Amino acid sequence: MMKQSMMAMIFTLMTMITAMTATAATLEEQLASYRTQGAGTFDPKAGQTLWTTSHGTDPEVGEKVCTACHLNDPRKPGKHRKTGKIIEPMAVSVNPQRFTDPEKVEKWFLRNCRQVMGRECTPQEKGDVLSYLGGL
Amino acid sequence: MQGKKRWAMVALSTILLTASWAIADDDGHKGEEHDNNKTTENAAPATVDPIYVKECGACHFPFPVGMLPDRSWRAIMADLPHHFGEDATLPEKVAAKILDYAVANAGERSKNRLDRYVASSIKADQVPLRISEVPFFVKEHTEVAKHVNAKGPVSHWSSCPLCHTKADSGSFDEDEVKIPQANK
Numbered sequence: 001m002m003k004q005s006m007m008a009m010i011f012t013l014m015t016m017i018t019a020m021t022a023t024a025a026t027l028e029e030q031l032a033s034y035r036t037q038g039a040g041t042f043d044p045k046a047g048q049t050l051w052t053t054s055h056g057t058d059p060e061v062g063e064k065v066c067t068a069c070h071l072n073d074p075r076k077p078g079k080h081r082k083t084g085k086i087i088e089p090m091a092v093s094v095n096p097q098r099f100t101d102p103e104k105v106e107k108w109f110l111r112n113c114r115q116v117m118g119r120e121c122t123p124q125e126k127g128d129v130l131s132y133l134g135g136l
Numbered sequence: 001m002q003g004k005k006r007w008a009m010v011a012l013s014t015i016l017l018t019a020s021w022a023i024a025d026d027d028g029h030k031g032e033e034h035d036n037n038k039t040t041e042n043a044a045p046a047t048v049d050p051i052y053v054k055e056c057g058a059c060h061f062p063f064p065v066g067m068l069p070d071r072s073w074r075a076i077m078a079d080l081p082h083h084f085g086e087d088a089t090l091p092e093k094v095a096a097k098i099l100d101y102a103v104a105n106a107g108e109r110s111k112n113r114l115d116r117y118v119a120s121s122i123k124a125d126q127v128p129l130r131i132s133e134v135p136f137f138v139k140e141h142t143e144v145a146k147h148v149n150a151k152g153p154v155s156h157w158s159s160c161p162l163c164h165t166k167a168d169s170g171s172f173d174e175d176e177v178k179i180p181q182a183n184k
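From first to last, the protein sequence lines stand for chains B and V. Under the numbering used here, think of the first position of the first sequence as 1, with each following residue one higher. Under the numbering used here, think of the first position of the second sequence as 1, with each following residue one higher.
Read the hints as simulated data drawn from the structure, not as lab findings. None of these values were measured; they are calculated from a predicted model. No residue lacks a Cβ here, since even glycine has one placed at the ideal position from N, Cα and C. One or more of the hints may lead you astray.
[Unchecked claim] Derived, one-sided and incomplete: chain B residues facing chain V with beta-carbon distance under 10 Å:
(1) 60
(2) 83
(3) 102
(4) 103
(5) 105
(6) 113
[As the list claims (entries may be wrong)] Only pairs whose alpha carbons sit at most 25 Å apart, straight line, appear in this in silico BS3-like list of lysine-lysine:
(7) 64(B) / 76(B)
(8) 104(B) / 97(V)
(9) 82(B) / 111(V)
(10) 151(V) / 139(V)
(11) 45(B) / 82(B)
(12) 146(V) / 54(V)
(13) 111(V) / 97(V)
(14) 85(B) / 178(V)
(15) 85(B) / 151(V)
(16) 111(V) / 76(B)
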């Protein structure tokens, strides 16, 4: 009897832990965190402009623009221009896994903003891009 | 009694089959050891670090770390913001874990005999940052170098699995090589 109730308790605990870790961050939470960092209202149009604006050419890797690897249409899969690795679509409508892991989002914004724009993106810019990719 | 006999037969044939596999697999790899990790002469360790695969494999084939020496991995991991022209910055803790894994299994310390030989054959003052710069790699790929070019289906040396059909499981045996041909 004792053993059974112990088992039931362990099972309940396990279920709770699973439920907690399975709760992924939503795009809305991501945007809210940018607002707390000083961003205002997000504009998908501004995000699209950022997505397609070229910042010149790097002699080693080529044109500095998001679409060099992610394509103009974020609903389609892109391709890493050097390694050829397929990059799954960035648009949330076709790839709901996107932007559910805040650490991953920040890791890639840090790398890619520095790569493309030569500096880190502001919370406003990140939010604009996410609202563009989230609203397609 | 009958059942016991049958089990003995099954056990015996299993041993025989395993032994013949070991002998067949040893073809051309004299004195190769078959330990629990199934390390063969051209294979990477069976246990590949999941963080290494997740982070490095996000952009390119997660190369077997035994193919470069300790000093190469330290140099690569020390300059992730300029990683072959790309910004590959990682959070410090993650980068430190990957470096630990890479140096613990680097050429000099690899369980793989070939890795150790290759590492020892690199001149002490050289720090190759690409596996494709290692003299052994260059020598082994002389014949096929013409197939690796910007126009072909294999545009970069980094695309190991395009030709090495079992690269994903850490095996680079010559018998498993199949070079993709361009569509004419």
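Consistency of the hints with the structure:
no. : hint            : in the structure
1   : 60              : 3 Å, holds
2   : 83              : 4 Å, holds
3   : 102             : 12 Å, violated
4   : 103             : 8 Å, holds
5   : 105             : 13 Å, violated
6   : 113             : 9 Å, holds
7   : 64(B) / 76(B)   : 19 Å, holds
8   : 104(B) / 97(V)  : 17 Å, holds
9   : 82(B) / 111(V)  : 31 Å, violated
10  : 151(V) / 139(V) : 23 Å, holds
11  : 45(B) / 82(B)   : 29 Å, violated
12  : 146(V) / 54(V)  : 31 Å, violated
13  : 111(V) / 97(V)  : 20 Å, holds
14  : 85(B) / 178(V)  : 19 Å, holds
15  : 85(B) / 151(V)  : 17 Å, holds
16  : 111(V) / 76(B)  : 42 Å, violated
Violation of the numbered hints given earlier is confined to hints 3, 5, 9, 11, 12, 16; the remaining hints are satisfied by the structure.
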